[in-house]
Structures are given as structure tokens and as C-alpha cells.
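Novice: The lines below spell out each chain.
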Amino acid sequence: MTKKEFTIRSTSPTQFINIDRQVQQILNESGISDGICVVFVPHTTAAVTINENADPDVTHDIIDELNKVIPWADNYAHREGNSAAHIKASLVGASEVILVENGRLVLGTWQSIFFCEFDGPRTRHVYVKVQ
Amino acid sequence: MTKKEFTIRSTSPTQFINIDRQVQQILNESGISDGICVVFVPHTTAAVTINENADPDVTHDIIDELNKVIPWADNYAHREGNSAAHIKASLVGASEVILVENGRLVLGTWQSIFFCEFDGPRTRHVYVKVQ
Amino acid sequence: MTKKEFTIRSTSPTQFINIDRQVQQILNESGISDGICVVFVPHTTAAVTINENADPDVTHDIIDELNKVIPWADNYAHREGNSAAHIKASLVGASEVILVENGRLVLGTWQSIFFCEFDGPRTRHVYVKVQ
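Residue numbers (my numbering), protein chains in the order written: chain P, 1 to 131; chain C, 1 to 131; chain U, 1 to 131.
Watch out, some of these pointers could steer you wrong.
Where chains are identical, the list cannot tell them apart; a pair therefore holds if satisfied intra-copy or between any two copies.
[Stated by the list, open to error] List of simulated lysine to any residue pairs, SDA-like, C-alpha gap at most 20 Å: (1) Lys68 x Val38; (2) Lys4 x Thr123; (3) Lys68 x Ser33; (4) Lys3 x Thr109; (5) Lys68 x Glu5; (6) Lys3 x Asp57; (7) Lys68 x Gln22; (8) Lys68 x Glu101.
These are computed hints drawn from the structure, not numbers from a lab.
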């Protein structure tokens with residue numbers, strides 16, 4: 001299939017947004033029942049990760065700890081002032097690969113896919129391709 | 001091929017377990033000689049990475065430094081008490097993609113695939129799919 | 001296609017090297033117009049990431065902050081003295097998956113692919129496979 005994309009709107013400087021529904025919908029529309037699904041974030045101050053959705057405290061803790069380890073201000077050279085977001089983007093990563101079986105994303109019981117905003121609020125894009 | 005899986009049993013809170021043999025065996029059974037192999041961990045307090053196996057001090061140092069950078073206790077909100085494991089899971093990542101040529105995983109001289117336990121000991125699953 | 005590879009020479013202990021041109025050239029030679037491209041680094045003290053190329057201060061800041069978070073000397077056990085490089089390799093990761101459409105790598109406006117040297121200077125290899 002050709003890549004599909006969807007748009008999301010973050011509302012905070014740092015925010016994890018569950019995108020399971022949008023990715024599964026694109027998978028449904030592809031008609032592909034077996035393969036792999038690539039989720040790719042075409043931004044350099046955002047990322048994608050898989051983690052727990054059941055308790056929102058988990059993503060809250062991930063966000064807080066990343067902000068502590070990679071402080072927003074730390075004598076960075078980049079004039080735009082968002083170097084911390086670029087660093088977190090490289091640590092978390094621009095893509096995830098998820099297995100597809102019987103037309104479903106194969107995720108563990110507690111796993112959800114999260115778009116990671118590190119320099120919001122912004123309008124963002126997510127690319128999805130199933131092979 | 002449909003995904004295959006295997007089970008491993010971690011014995012420590014934080015532990016890296018070499019899974020080269022299990023992944024290569026699934027590749028052998030698939031009969032696929034050329035493509036890519038996706039290794040996916042369906043857990044939110046574990047991950048998969050590729051690093052050096054020759055000297056066990058390397059994974060020992062990775063574990064110790066990750067525990068220093070992301071301390072086990074740091075005023076986390078998540079009541080289950082394993083937020084550090086969730087954070088490390090997102091930093092290291094839930095999947096690895098490895099090239100396959102002539103029926104073999106194409107790894108560098110010093111590379112091995114490690115299951116990363118961050119909240120053990122537990123019984124864990126690893127999914128493998130070759131395309 | 002079978003995997004292709006190219007060689008690069010790093011000149012500093014820690015260095016990010018833009019490899020967009022080499023990866024796109026291998027994609028061109030493959031003749032594949034639609035699929036996914038896997039970039040894989042067969043080393044345990046190097047990695048690959050996607051980040052901003054427009055302002056070189058961005059990769060400069062990423063390098064400096066990674067060196068601050070994962071110090072080069074921190075009572076590591078590994079005798080070779082490059083444990084920090086191994087740790088950074090696992091955090092940034094050995095592979096990137098990039099979508100391919102119409103014979104082009106689908107990257108965001110500000111995204112470039114960087115080989116990440118964490119224990120240079122060295123001669124290094126990068127594997128590329130398009131499916």
C-alpha cells in the first residue's frame with residue numbers, strides 16, 4: 001500500500017497521545033491481514049513509542065523523568081531554544097514497527113502506541129504504511 | 001510467515017538475556033532466506049536491544065548506568081512502583097529490525113540481540129516475524 | 001534486493017554524519033519505487049538516528065547532552081574503556097526504518113539520517129536494504 005497519514009493536535013509542550021485507533025483504522029482500510037505496520041513521525045521534535053495506557057500516571061512519569069534527565073534549558077547552542085525536544089526525539093525514536101496478524105495490530109495486553117510531543121503545542125502528522 | 005514466539009524467564013530485576021539462538025531458530029524454521037526479521041517485545045517494562053556479547057561487563061555497565069540515569073525511586077506517580085522500568089522500556093524500544101541474507105541474521109562481529117528485563121523476575125514473551 | 005553497504009570514516013570520538021545521500025543512492029540503484037528502507041549499523045559503539053540537519057547546532061547539542069547524561073568515565077567495569085559508547089548505542093538504536101514512495105525516502109522537511117559515532121575516529125559500515 002502507499003503510505004497513509006493522519007493529523008493530530010498537541011495541546012501541551014510535552015504530551016503523549018494514544019494513536020492506536022488511528023493506526024488500526026488505516027490498517028483496516030488497507031485490507032491487509034498479515035504483515036508489518038510501520039508508524040513514522042516526520043518531525044524532529046516529536047517521536048513515537050509503545051508503552052502502557054491503562055494508568056495515565058505511567059506516561060506522566062515518563063514525561064516528567066525525560067524532562068528531568070534532558071532539561072529544557074542546559075546551555076544549548078541551538079538558537080531556536082528547543083534542543084531538549086530534539087534530543088528526546090532521538091532517544092525515543094521516529095518510528096515503531098508493529099506486527100500485523102488477522103488484520104489486527106499485535107500489541108501486548110498493556111501496550112498502546114503513543115505519539116510523543118516534545119515541543120508543543122503544534123499540529124503534527126503521522127505516517128503509516130502496512131506491508 | 002505468521003509470527004512465532006518464545007518464552008524466557010528472567011531471574012533479576014534488571015537483566016539482559018541473549019536471544020540470538022532463539023531468533024535464528026525461528027528464522028531457520030521459516031525457511032526464508034532473504035528479507036527482514038522483526039523482533040518485538042509485547043511488554044511495557046521490558047525491551048530489546050542489540051549490543052556486545054563478548055564481554056559481559058558491557059551489558060553490566062549498560063544496566064548500571066541506566067539504573068543511575070533513571071533511578072528506581074524518583075517520586076513517580078504510578079502506584080505500581082515500576083515507572084523506572086516503563087521509562088527504560090521507551091528509551092531502549094520494543095522492537096529491533098535485523099536484515100536476513102542466505103538464511104542468516106546479518107549482525108556485526110560483536111553484535112548480539114538482547115531481551116532487556118527492567119522489572120523482573122518474570123516470565124516473558126518475544127515475538128518474531130520474518131518477511 | 002540483497003543488502004548493500006557503504007563505508008564512512010569518522011574523525012572525532014563523538015560525531016553525527018549525515019548519510020542521506022548514500023542511502024538515497026542505494027535506493028536509486030535498487031530500482032524499487034515503493035516499500036520500506038532499513039538502515040542498519042553493524043557496530044556496538046555506533047548508532048543511527050533521524051534528526052535536524054538545517055542547523056548544525058542541533059546535532060552538536062545532542063552530542064553534548066548525551067555526553068553529559070552518559071559520562072565517558074563513570075566507574076565502568078568494561079576494560080576497553082568505551083562503555084559510554086555502548087550505552088549510547090543502545091539508547092539511540094542500531095536501525096531506522098524509512099518509508100519509500102515513488103523512489104524517494106519519505107522524510108519530513110527537517111529530517112536527515114545521521115550515522116552516530118560514539119567511539120571514533122574509526123572506519124565504519126552501514127547496511128541498507130529496501131523491501
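Novice: Tell me, which hint numbers fail for this structure?
Specialist: 1, 3, 5, 6, 7 and 8
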